[in-house]
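Student: Spelled out, the chains give:
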Amino acid sequence: MEYAKGRIGRVFTVRIDHGDDLILELIKLAELERIESAVFMLLGALKEAKLVTGPKESKTPPEPVWFGFDDAHEVLGIGDIFLKDGKPKIHLHAGAGRGDNVKLGCLRGESEVFMVVEVFVFELEGISARRIEDQEQGFAPVGFEQISNLE
Amino acid sequence: MEYAKGRIGRVFTVRIDHGDDLILELIKLAELERIESAVFMLLGALKEAKLVTGPKESKTPPEPVWFGFDDAHEVLGIGDIFLKDGKPKIHLHAGAGRGDNVKLGCLRGESEVFMVVEVFVFELEGISARRIEDQEQGFAPVGFEQISNLE
Amino acid sequence: MEYAKGRIGRVFTVRIDHGDDLILELIKLAELERIESAVFMLLGALKEAKLVTGPKESKTPPEPVWFGFDDAHEVLGIGDIFLKDGKPKIHLHAGAGRGDNVKLGCLRGESEVFMVVEVFVFELEGISARRIEDQEQGFAPVGFEQISNLE
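Residue numbers (this note's numbering), protein chains in the order written: chain A, -7 to 143; chain B, -7 to 143; chain C, -7 to 143.
None of these hints come from the bench; they were simulated from the model.
C-beta: ideal position from N, C-alpha, C; glycine also.
Keep in mind that the hints are not guaranteed to be accurate.
Said to hold, decoys possible - Here are the simulated lysine-lysine pairs, DSS-like style, with alpha carbons at most 30 Å apart: (1) C/Lys51 / B/Lys20; (2) B/Lys39 / C/Lys51; (3) B/Lys79 / B/Lys42; (4) C/Lys48 / C/Lys76; (5) C/Lys51 / B/Lys42; (6) C/Lys39 / A/Lys81; (7) C/Lys39 / A/Lys48; (8) B/Lys42 / A/Lys42; (9) A/Lys48 / C/Lys42; (10) B/Lys39 / B/Lys79.
What the hints assert, rightly or not - Examples of chain B residues lying across from chain C (beta carbon under 8 Å, computed): (11) Ile0; (12) Arg7; (13) Asp9; (14) Met33; (15) Asp63; (16) Ala64; (17) Glu66; (18) Val94; (19) Phe106; (20) Val108; (21) Arg122.
What the hints assert, rightly or not - Derived DEER-like restraints, expressed as beta-carbon distance ranges: (22) C/Lys51 / B/Glu137: 44 to 52 Å; (23) B/Gly60 / C/Asp126: 23 to 31 Å; (24) C/Lys79 / B/Arg26: 18 to 26 Å; (25) B/Gly135 / A/Thr52: 39 to 47 Å.
All chains, full assembly: derive it from the sequences and hints.
Tutor: Here's what the structure looks like:
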């Protein structure tokens, strides 16, 4: 375990509209507002999306199993924004349900909002965090450099 | 995408008890404390509830598909509170599980808490947001009027 | 319904690493940083965990139904930290998915992180809350003592 202590800074209440691409819009927001570290929650619906629903086998680096859908699903999600190579990178886990079918995984790549997705982005202030690629593990874990003592 | 920038204001740590109606209690809280804009997270269990688990077809206005249960389910949820016609309106997406059965959707109307639901309500300060009915789309999207610049 | 009004205090951005025990690490964090009341959100993956996926029957005290897994699942969760008998107690509801299988329940006891779990812990400031065992109900509901008026 590693951690950094900070405070909540700016909070963005975001409405992403029918037809928009969810992750693309979040990246646009992060770039426009120069958000470097944040956690967010969301609720809404998606017409199309792709989720990684676990690794084929429980070993690293993981070989992802994909699930995609192209009819409207209700969603809820928790995610974060950190810089990787100077650019905002979104990490988002979501549950997606339609009738009896529910999937849960890591939402990546293109998606299309159905009606609306509401997102609440909490900027993390007073920490310095970056994602740095780890080829061996097969992902880019977030690392911290404490830049201020808030106590 | 539209968004408003604010800060977290008051935070309400709420215990909703066995037999209570979840959404009704949240509306009571919002009215009593004059909460106009908020996001919340919850965890607990429900004995009864109804969820919209997607539209019948992927078109707007949507024809909702309902799923109801009347035995105890574990829940987690993410929601928000905004005023619509001057009254607090709850939008809540939740996952509900019991054994092998999991549903995910938009929790609406009457429900009954089983044992307890714990809710954490974060007031959104410095923004002006309202839900305004859009007949064509078939729902009331949240709209913003920026009332202060917090930077 | 009972509730307490406070503010967000310190925020901990936490990376829990491959092989770590999720709840144990959160307890360590709470003890080290003297966190008495907090809410948290998490996303990541677990190699092993056990969830209570509801009561056998919808009555109190509940007889828990357990679901355990020992292959990697994607997770998202919402939880809280309050003191019980002077020690931090974790209450965590999570959804866990692998391919077509999704479970949702109360994550308890030992678990093992797969790759990473990212946790965002929001300290609740200005409230006094404790869990106190209620033998009849079969759990320890959180109770409040308002210690300051923040308005």
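Student: Against the structure shown, which of the earlier numbered hints fail to hold, in ascending order?
Tutor: 21, 24
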